[in-house]
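Undergrad: Letter by letter, the chains look like this.
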Amino acid sequence: MDVNMIISLHNVNFYYGQSRALNDISMDFPEKKVTALIGPSGCGKSTLLRLLNRMNDLIIGTRVEGKVVFEGKDIYADHIDPVEIRRKIGMVFQKPNPFPKTIYNNISYGPKLNGLGNSDLDTLVEQSLKQAVLWDEVKDLLNKSAMTLSGGQQQRLCIARALAMKPDVLLMDEPTSALDPVSTAKIEELIEELKKSYTIIIVTHNMQQAARISDETAFFYLGNLVEYNKTDKIFTNPDIKQTEDYITGRFG
Amino acid sequence: MDESISSSMKWRYLKQALFFGIVRLSFLIIALSLGGLLLYIIINGIGVISWDFITKMPTDSMTKGGIMPAIVGTIYLTVGAICVGLPLGLASAIYLTEYAVQGRAIRIIKIGINCLAGVPSVVFGLFGLGLFVVMLKFGSSILAGSLTLGFLILPTIIGAAEEALKSVPQTFREASLALGVSKWQTIFRIVLPNALPGILTGSILGVGRAAGETAPIMFTAAAFFTAKLPGSIFDEVMALPYHIYVLATAGTHIEETRPMQFGTVLVLIAVVLGIDLLAIIIRSRMRRNKRW
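Residue numbers (this note's numbering), protein chains in the order written: chain A, 21 to 272; chain B, 28 to 319.
Think of the hints as simulated: they come from the structure by calculation, not from any bench. Since the structure is predicted, the reported quantities are computational estimates derived from the model, not experimental observations. It cannot be assumed that every hint is accurate.
Computed list of chain A residues with no C-beta within reach of chain B, every gap over 10 Å [as the list claims (entries may be wrong)]: (1) P50; (2) K93; (3) D94; (4) V153; (5) L210; (6) M227; (7) N244; (8) N249; (9) N257; (10) D259; (11) K261.
Output of the computed footprint for chain B on chain A, the stretches with three or more beta carbons under 8 Å from beta carbons of chain B [claimed, not checked]: (12) 74-87; (13) 116-128; (14) 178-185.
Just so you know, even glycine gets a beta-carbon here, dropped at the ideal spot from N, CA and C.
Taking the hints into account, I'd like the entire structure generated from these sequences.
TA: Right under this line is the structure:
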């Protein structure tokens, strides 16, 4: 059990204005594993995910208490630049959101603005698309608009786009909820593959999905972390009654 | 029972027919008056339009010859107004929508900008006279006129740019920021290119207004008559709207120059529509890549 913990939360509270969305959360995310965050709508799982790369900063009137430690540093400390954090912690959103640019430019966008030379870009684009298992489908369409791709392809493009930044962690906010079953299966396979090199934290509404792809599962309810355990344990023999009720579909 | 239902239905259809009738009539009135106006101008003005009319200097105390300097002057002033209004308006809109913390102060500023759009253009003219011509000593010049017109079209441009910026999906901004791209880069690389067609639309409206205004340039840029084309931005220019005003009210032979007045009006309309058309073409080309 000597897994390295890449992100650790220490007594984190989160507020939207006056209302508290997360209550005293402490948890560690293991490196190069898939951690699933599950729970009913409004339980705070997406809030927690977006807290990890400081995307909640974009919402006016939010406030964080406690510590979020990534690579030994509290990412909410005063001197930390959120831009720097987001370079290392990538994100894939619920709805595929490619830029209205070419496929190539979607991938090269991030690296280019972070000062990567043109010579390496071609290789990087190919590498990233291959990692996202999209290369074979789009290698002849690199100069076509990304908007011409199907929803599932767009989402894999978004994953490739995030991977092109060579992040340490990949956050996924219900990445398959807008996709059909075939595309969903492809993304799940991809996640299996990616966890060899990346730490993946995924929010999902789909419990089967959490059971299939994750190593660890955290169950949230009303802003509380109810149970955090090995996925096998959570789905076969959870410690807490509430978890069992949710997983068996008694509420949610 | 059936009787009352069918009679109430009839009444409803009648109301509908009445309403559609009124709407159709309103449209017809507008279309007819617009078409009539254009037709009247064309019929009265087309006679004097010739290559010489648009390329020659006026002669015989402006009762003969062409209106070339007025066309050139209007183009200078319009381009100048865009050069002033677009960067300033765009920068303001970016600040207002992307950077400013939305609150009471920003709301008041936005209301202020909207009020500015309703200020009579002669007020802008006097403002330009006071600030640019007298205080900054630019004199009556292309520079002073462009600045005045630039301020005049500012509210239109800010308003349109704001709308265009707001219409760029938030998910684009999030996607860019999540890649570790800074806010400024996100605005410059993602938000602005996608907002550009909308911003251009606003500029089109602004340009149309700038090219056709008389009052703001009366005190700040327009000359009754110049013997030659302007040599620098500190020179006075003739301009189409002011030329029309002069020919129609201040000339010595108002009746005699009537066809020339209509001709000049026709040219002014053509210039404005031409500028609009150009911008519309650019915009539709940009829109071709837009799919979301």
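Undergrad: Of the hints given before, which are not true for this structure?
TA: none
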